[in-house]
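Asks: Protein chains in written order, with the numbering used here: chain H, 57 to 336; chain A, 2 to 352.
Hints are computed from structural coordinates only; laboratory data are not their basis. Fair warning: there could be bad hints in the mix.
Mimicking DMTMM-like on lysine to aspartate or glutamate, the simulated pairs with C-alpha atoms at most 25 Å apart in a straight line are [to be verified]: (1) H:Lys-211 to H:Glu-325; (2) H:Lys-335 to A:Asp-95; (3) H:Lys-161 to A:Asp-95.
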Amino acid sequence: MKNRHLQMALALVVLINILVLAGVAYNRSNEPEASLVLTERELGYYRSYRDDENSGMSLSLDWNRYYGIDEWFDEGKLATVGFDLEHLRQNGADWSFYQRQLPRKAYVALELEGEAWSSWVNDQDAEISRIQKLELNEELTAEDRMRQISRVREKIQSTSRLFAMDIDSDPERLRQRYPDRTRYAVVSAEVRVGYERNDDDLKLYGRISQLLVDNLHVPLDGQTPLLGLPAREYLSSYDAPTEVREWYPRYTVTVNWGQRYEPWVEAIELTAAGIEATKR
Amino acid sequence: MQKDDAQKRVDQIHAFRDELMQLESAGVLTLHEDDARQVRSYHDQLLGEYSDQFDVDVTGADRQLSWGMRIVSFLGALAISAAIFFFFYRFWGDLSTPVQVVILVLAPLLLLLATGVVSTREKTLYFTSLLASVAFASFVLNLSLLGVIFNITPSQNAFLAWGAFALLLAYGYNLRLPLVAGMACVMGYLAATVGTWSGCYWISFGERPENFIIAGFLLALVPIIPHRKYPKFAGQYRVFGFLAIFIAILILANYGQISYLSWSSAHIEYFYQVFGFVVSGGIIALGIRRHWPGMVNLGATFFVLFLYTKLYDWWWDWMPKYLFFLLLGLIAIGLLFAMRRIRSTRQEVTA
């Protein structure tokens, strides 16, 4: 190879890596943009990530992607993130037009254990009341009642407490609306157009199809608490026991988001339930 | 003189010897013994020099062996690249972050240096090609895993970096495999960037095949920049660029829903079907005119593909299957006659 090409290739590798690592350093500079203490509810550790061929460890970020979103992700918000509403409405007759609309990048405010979470829990409690009434009216046996209630209770204990609350194309504008950095994380996401058609009425709304970073790498010094944990068993619809089974998160994870709204795992600690699980 | 020029000269010498033997058998021409000896001696000397200096294929057996070595070099590069990927994935979780970063950065640098050293010790460049391909794979691993380790938001700029790296290897050593890898990465970057012009998020660039039509066209224009030292590269840019264009057109001709155009799906499909015939026919004509055999073959292949998919649309549901395939075969024979006629007309014109 000519020396010139070799030198250029070497310089390219060094330069690109410097740029990447400088970006990482900038993201982690100053105070974190957000710092949330999450649990196993929000960051699942799936054993398949640590199989024989891949020794790396990642936690999968879980959040409630549907509850309440259609109430606030309306046409106004679609316009805010850059969708052309006039263009969208002109093809109302062709349903496939909406299915093939391309996504956009936006920033989402995720709320941890706030009003949306309380509202969701209230809905689940109402569901439990509804099930209990069914037994009173003899529409359900006692055994079936317990089974259904145990499923709902486990859902309340295990479901992620992260809910999407708002969206914007400008993350700083979003942060101004949600200044609590220990309760709200501003994260990047991919958003798409959804639609509903009732007779002549066309309703457009937004959907958050995915968070752009939803798998968090766990560095070596953070892996120790998770290594001794057995695989988590989850109830399926068919084998739910009649007694309510208590489900407690086994670890907490402190996650920071930086200047580029990219996250990293700061610390992992076992809860009492986690310590108990490692002893079994 | 480059290796390709030397190989052409060797092929000329062999062709001359074969033709001279034919002329002697036919009684048309017999060289005087002294002249024949002088010419033979001169050609033997040239063949020896070219073999020593450029390691060209002097005999038919050499040529077959060279093809075998190229295939083995390619498969070896694939296997070693896969081994590096899986080796790193198996052990990286047991390493601290600084150690991971050092290994990821050093791997492509060391493999580049090894490529440079090996290239000075061999003329054939088979091992150089293998090492260059593995160096490229390690650079892909480098940036991919840094993204995973630090939870970096995905960006299309990685394609540009990988493409630039592969093209530096290709042009530095006159290697085709890194050229193909470089073209693929650059096309990915161009298609993703074109996609963002409409405001969409780059990752969905594959949902609009027109992104690849524009990217392929830009790639096909690269040979406008003279490639005197790399005569085979120009053809590869053209073929690769138009291959992307044709595949995009083929998809849109059958699935118009994913087009940027705001017409009905049926109209979009008709438009791209006609467009496909026009472009493939134009490429065949251009390839014949400019003596670009790769382009002629590409255009002919996709012309037939467009034709067959159209015939499938028209006939498959109602025609007996034996009759359908019989008609396809007859059409292929008809095309052969037409192309033979074009060839003989061109030969008459040349004569």
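Asks: Tell me, which hint numbers fail for this structure?
Replies: Going through the list in order, the structure violates hint 3 alone and respects the others.
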